[in-house]
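A.B. asks: Spelled out from the first residue to the last, the chains are:
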Amino acid sequence: MVRDVKRILLAEDNPNDVELTLVALAENNLANEVIVTRDGEEVLDYLYSRGKYKMREPGNPAVVLLDLKMPKLDGLEVLKQVKSDPELKSVPIVILTSSREERDIVESYALGVNAYIVKPVDFHEFVDAIKELGLFWGIMNLTPNLNDGRRTRG
Amino acid sequence: MQRRISAICMLVVLAAALAVIAGWHLRVEFLVGIMIYYVWQMASPPLTVIPSRTPLFATVAAPFLFTGHSVGLALSPVTAHSLEFIAGIVFIVLLAIGFYRITGSKVAVKGLILISVPLVFVLMFVALVVQMKTETERAQRLSIHAKNVSAQGNSLLRDVTEAETSLQWFLMTRNPKAHNDFDNAAQRIQGSVETLKTLVRRNKEQSARADRLAVDAMQELATMESMAQSESAAAPAQAAKLPVERQSMADLRAHLDDFLSAEEKLDASRQESLRVSWQHFNWLLAAGASADVLLTLALLFLFSRGITRRIKRLEDNAQLFAAGQEMGERMEGSDELAHLDGVFHHMAASLDNLSRQQQAVMDNTLDVICSIDSKGRFVKVNQAALKLWGYQPSELVGRPCLDLVVPDDRERTRKTAEDIIAGLEVRDFQNSYTRKDGSIVCLMWSASWSEKEHLMFAVARDITEHKEKEERIRLLNEDLQRHAHRLEQTNQELESFTYSVSHDLRAPLRHIDGFAELLDKSSGSVLSDNGRRYLKTISESARQMGRLIDDLLAFSRMGRKEMLDGCVDLNEIVSETRDSLVTETEGRSIHWKIGQLPLVKGDPVMLRQVVVNLMSNAVKYTGKKTDADIEVGSANGQPDKVVIFVKDNGVGFDMKYSHKLFGVFQRLHRPDEFKGTGIGLASVRRIVRRHGGDAWAEGALGEGATFYFSLPKEQKG
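Chains A and B, in that order, give the protein sequences. With the numbering used here applied, the first sequence covers 1 to 154. With the numbering used here applied, the second sequence covers 1 to 717.
Quick caveat, the hints were computed from the structure, so don't treat them as lab data. Among these hints, one or two may not hold up.
[What the hints assert, rightly or not] Subject to a maximum C-alpha distance of 30 Å in a straight line, what follows is the list of computed DSS-like cross-link-like pairs (lysine-lysine): (1) A/Lys-6 <-> B/Lys-521; (2) A/Lys-131 <-> B/Lys-675; (3) A/Lys-131 <-> B/Lys-521; (4) B/Lys-660 <-> A/Lys-80; (5) B/Lys-660 <-> B/Lys-601.
Just so we're clear, the structure is a prediction, and the values are computed from it rather than from any experiment.
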């Protein structure tokens, strides 16, 4: 069966982290379609197909790799909004962050996050982690197909 | 029982005394009675402090009675009688005294005596009357007897005369009838004489006379008989002799006269004696009646003085007592009234004492106890007012209580007072009073209204000091709160600091490592060996810093976190840790020796950290040994603590640096010798100390090390 690589939505404000993540994804052939958003607002814009993402292709991403610390809307706020929207609830969200703080983990799971991954300092480990994420969420995990007809364009 | 015997004795003696007075001369019984009385007095214990002198008096009275009787007889029966009478009275009086003393002079007894004395007199009078009646009857009988004798005497005389006449007639006429008459007369004479003799046989003298008369009469008769028998012509001569015979006749007559007059005299003397008796009786009656009246009056007087007056005094005392006033002096005496008076005085003393004790309680409290009327004025204030407010209680009576209240509190106090009067019970009303010297005192009141007394009863406590203390406590609390607040803030700051650190410090490190790797990948071929080494160093440094950050964060968090208090099974933790170290010990030969570890009290997560740190250290520092021996066990430590050790035969350490072992980031080996951040042992010590124990180590270079830590024993039950 042809593995269908789906879209990965990456939310990360730090350009270095973006670069490293993309490199890691590329090393594992997962970088086919990665949308990079630089802050919380852009994430929502994309998911709601509004703003600069008005003309994007319909359909939800296979997974959202969400950083916590972002300008404008931070990760938890985005998470809250997405998970409380019935249409976006089913989108898997993986928090990818440097913070190992218990309260962040608790809060995230309370809001319904699907996974919480701490970015290791060690690059090798980082690459491994990304690979696993990508494989799992991007390929192995199945998500429901939503009717794109509900999405309005423009 | 004793009293019964004494009563019987008394009665016996009394009866004997009365009998004596009545003239029955029962001296024997009287004596017996006295003896019994005497014996009883000797036998019983003395009933009064002064021994009763009644037996003494009794023994004195008895001989007096005897003497009196004898003396009296010498004088006259009447005098003897009187003396006995007097003695009897005296004796009765003495008996009464004795009785009075013995029975404790009860009021009843006094009353009894009061009644019995006139009663005795009455009995005495009755006895006298009876006696007089007997005497009079006797006198009457004797009188009749005397008359009888007289009649008989006269009849005899008549008969003699008749005999004489008949004889003369016979002698003259020799009429047989005359002789008959003479015989009859002679017979009658004989009879009369016999009768007379019988009548006067009681009296010796009269009997003698009667006998003489009889002789005379017989002689005469004989003479007359002989005269009658001689029937001769000498009769006229005989007849002429008769005047001679007439002499014997005349003698007879004379003797008869004597006899009769003697009898009359006797009769007269008896009548005289009766008259004297009656006189005596009258005298006795009069004397007795007066004595009775006098004695009764005297006794009545004594009784009234002794009883009535004292009852009045008792009544007065009782009234004084009821009014709560001082009573009069104690009553003298030992009867019921004196006893009752004593009881009253005792009650008064008791009540006095009680009231004094209550007053003492009232006056010795430190709180002011007072009563206030419906108009807000002090009615009664206890002594504490002096100490507390500076006023004597007397100064406060009648003053409105609001006077002393500081102006600011007056309205509030007035309102509360009204509420209390309306029925509210107040327990902690506070206000301030101005003391006499002007200073202010803070008071806490509890008060309630009594409808029955129509007064408010209140207690005031000085809380000035208490308030100061409260104020101090409040300030301290404020201080504490500020501190707590600041600490809270600091903690929060620390939290955010930690948060930042954990997030923001890691990212650049990740980048360093990542890009160094990428550089190596992309341009590594161009670099020299050194260059490549430099890149590696850069990466390694970044990673090391990451580890440091993680360790430091963990260390800091562990210090701030709440410690759980549970029962921790170290055996479980040790075996789980050993399993988790399998990856690190792969390929190595390690001999584990795990002993039985006790249960301890503490935070399971933190204690796990301790075990993990120590055991992974052991594993790490035996890394250079081909055969590693690691032992975990418990040692006999102190009585209240358990001691656990982890021993290895690894690289050991120099004891002179042992004090540095547990320092933060302190290491005794270089990073290229053994990896590590130097935080593991610092964490161990910190955790163990937080649990109330400690950590220490022993070791020798090249010979291994033993790390100990102690924890408080698990309290059973």
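A.B. asks: For the pair supplied as a hint, A/Lys-131 and B/Lys-675, is the alpha-carbon distance within the 30 Å limit?
C.D. replies: holds, 28 Å
A.B. asks: Keeping to a limit of 30 Å between CA atoms, is the pair of A/Lys-6 and B/Lys-521 held or broken?
C.D. replies: holds, 28 Å
A.B. asks: Holds or violated: A/Lys-131 with B/Lys-521, Cα cutoff 30 Å?
C.D. replies: Holds, at about 18 Å.
A.B. asks: For the pair we were handed, B/Lys-660 and B/Lys-601, check the Cα-Cα distance against 30 Å.
C.D. replies: Status holds; Cα separation ~28 Å.
A.B. asks: If you draw a straight line from the CA of B/Lys-660 to the CA of A/Lys-80, is it 30 Å or shorter?
C.D. replies: Outside the cut-off at roughly 49 Å; violated.
Violated hint for the displayed structure: number 4, the only one.
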